[in-house]
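Heads up: the sequence lines are chains A and B, in that order.
Going left to right, the first sequence walks through residues 2 to 287 as the working numbering numbers them.
Going left to right, the second sequence walks through residues 15 to 302 as the working numbering numbers them.
Think of the hints as simulated: they come from the structure by calculation, not from any bench.
Each hint should be verified, as a subset may be incorrect.
Unchecked claim - Straight-line alpha carbon distances no greater than 35 Å define the calculated DSBU-like cross-link-like pairs of lysine-lysine that follow: (1) B:K298 - A:K116; (2) B:K298 - B:K216; (3) B:K201 - A:K116; (4) B:K298 - A:K78; (5) A:K116 - A:K78; (6) A:K116 - B:K216; (7) B:K201 - A:K225; (8) A:K78 - B:K216; (9) B:K201 - A:K264; (10) B:K216 - B:K201; (11) A:K78 - A:K225.
What the hints assert, rightly or not - Here chain A is said to cover these stretches of chain B; the calculated rule only asks that three of the stretch's residues, wherever they fall, bring their Cβ under 8 Å from a Cβ of chain A: (12) 197-208; (13) 214-228.
Virtual Cβ for every residue (Gly too), placed ideally from N, Cα, C.
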Amino acid sequence: MTPAKIRFEHVRKEFPVRGKDGGPAQSFTALDDITLDVRTGEFLALVGPSGCGKSTLLDLLGGLTTPSSGRILLDGKIIEGPARDRGIVFQQYALFPWRTAAQNVEFGLDIAGVKARERREKAQHYLDLVGLSGFADRYPHELSGGMKQRVAIARSLAYDPEVLLMDEPFAALDAQTRETLQVELLRIWRSTGKTILFITHGIDEAVVLGQRVAVMTSRPGRIKQLIDIPDELHSETEDVRSLPGFGHVRHEVWSLLRDEVLKAQGSQVVALGGEPVAKAKELAHV
Amino acid sequence: MSNLEILTLLELAEGSPRDRARQRAGVVVAARGSLVRWFGIIGQRCLLLLLFLAVWETAPRLGLIDVTFLPPFSEVIAAGWQLAQSGELYDDVAASLLRALSGFLIAIVLFVPLGVLTGWYARLGDLLNQIIEIARNTAPLALLPVFILLLGIGELSKVTMVIYSCAWPLLLNTIAAVRQVDPLLIKSARTMGATPSQLFRKVILPASLPTIFVGIRLASASAMLVLVASEMVGAKSGLGFLIINSQYSFLIPQMYFGILGITVIGLAFNAILEALERRLMRWKAPAV
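Bound conformation, chain A alone (with noise of 0.2 Å):
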């Protein structure tokens, strides 16, 4: 068994809100219980309903807040704030627009204090991996939404982060180009060893990237199950999505979600009058 290069345990993060009507000030359960391994060099996908708190996990790996209670190691430390030891991809690709690709890949070693011709070579050798050796001195406007995907990417590979965190990454992108970047980053991950913590409310995408898929539970967010996905849906050669066993474990994700789902969604579908199941389907195939 290969160690945990992160571990969450019993993390809970709580969020003060004003109260209803003037009333006196209440605290929002966004996250309770987590207890989670994420292996060394593995993939892990985590799904889970919109709202289920899957950012603030990431704000806390991320270092940018700090848990109510519980803790957060990474290799056996404590998380205490940010640093280049993570790398975060975001969905909205966060790109600065007044650096070109290249200098926007070099940002990271740029704050390290690494020397000019030391960066723009990792630029270049991350530009490369990434498939946009050409498209260096193109500012982020030039560029498409996943060509931004992948200038995000290497930026954050840039400067070698022991794990790459992604938000949702490929959900602002068009389905053929999130396809091809999922392949991508397959390719990527295999070709680096990184440890990768995905999030995503693909379900899809969980099983076709995750060697594991934690799936969450609505409000306030709980690692309801994790699920192993067989190697033979990480076939290089094969259209995966075709295969059975793909179906299979599709479903039992989805079965997973749906109750949380319509846990999340009850009161408005209630109110509503219509049919949940239905409902809870649609949700769950996004």
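The hints should help you fit chain B onto chain A, whose structure is shown.
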């Protein structure tokens, strides 16, 4: 890389096949037409201006307007030529430029950093907000007598007026610029371990530059406006002085030439700022 991806890249680099065919067919026509079109565009842009100057030249000559109050354009230029030869024009332009530029630059040096600080530290912003609101709603020209009383009619009062009038557009736009920086960019830089000072230099400043530039351009317009007005009230040189003095002395062509001088300086200021803006902000997507 998948085939699909490569195809997309190729299209980006070369244009789709259909585009290319169209381009080739168009080359011949374009070469012949480009010269004509070029003159056409220049003509189109200048058409109204030429028309305006023509009316200015002919209307007084045809007696449509009293020549005393609106001399023909050529006479205004001739009067300007005389002013230039006597050296009077040089003195006035130099005086105005010196006041406008020094006031404008001092204002930028003082108020852009202050605006950045005010935008960044919310508490400082709350503190200054009321004062800024009061001061910016007090028209600078209304304060002209106060400045003259306190600082005399020399250079100091005029430069101070310019600084004062530039302060508000600079301050307000800079504060807004810093506050509007995309929080995601800040978050992204923080996760990469940026220190507060790095965050400031490498994210906040470049991200706010476009909006700060809006303030700089507004300030330059305001600088000219206030300068001319203050030169009209109490000065012995400058274009504002030239205009008002010519009017008092009934040298009407000279007066019009002074006005033209203001226009040219304003246009030049704007052109320089635009060029600077284009240079600094090459990364911006062209406005559609």
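Going through the hints against the structure:
{"no.": "1", "hint": "B:K298 - A:K116", "in the structure": "27 Å, holds"}
{"no.": "2", "hint": "B:K298 - B:K216", "in the structure": "17 Å, holds"}
{"no.": "3", "hint": "B:K201 - A:K116", "in the structure": "24 Å, holds"}
{"no.": "4", "hint": "B:K298 - A:K78", "in the structure": "42 Å, violated"}
{"no.": "5", "hint": "A:K116 - A:K78", "in the structure": "29 Å, holds"}
{"no.": "6", "hint": "A:K116 - B:K216", "in the structure": "16 Å, holds"}
{"no.": "7", "hint": "B:K201 - A:K225", "in the structure": "29 Å, holds"}
{"no.": "8", "hint": "A:K78 - B:K216", "in the structure": "30 Å, holds"}
{"no.": "9", "hint": "B:K201 - A:K264", "in the structure": "31 Å, holds"}
{"no.": "10", "hint": "B:K216 - B:K201", "in the structure": "13 Å, holds"}
{"no.": "11", "hint": "A:K78 - A:K225", "in the structure": "25 Å, holds"}
{"no.": "12", "hint": "197-208", "in the structure": "holds (count 10)"}
{"no.": "13", "hint": "214-228", "in the structure": "holds (count 5)"}
The earlier numbered hint that this structure contradicts is number 4, and it is the only one.
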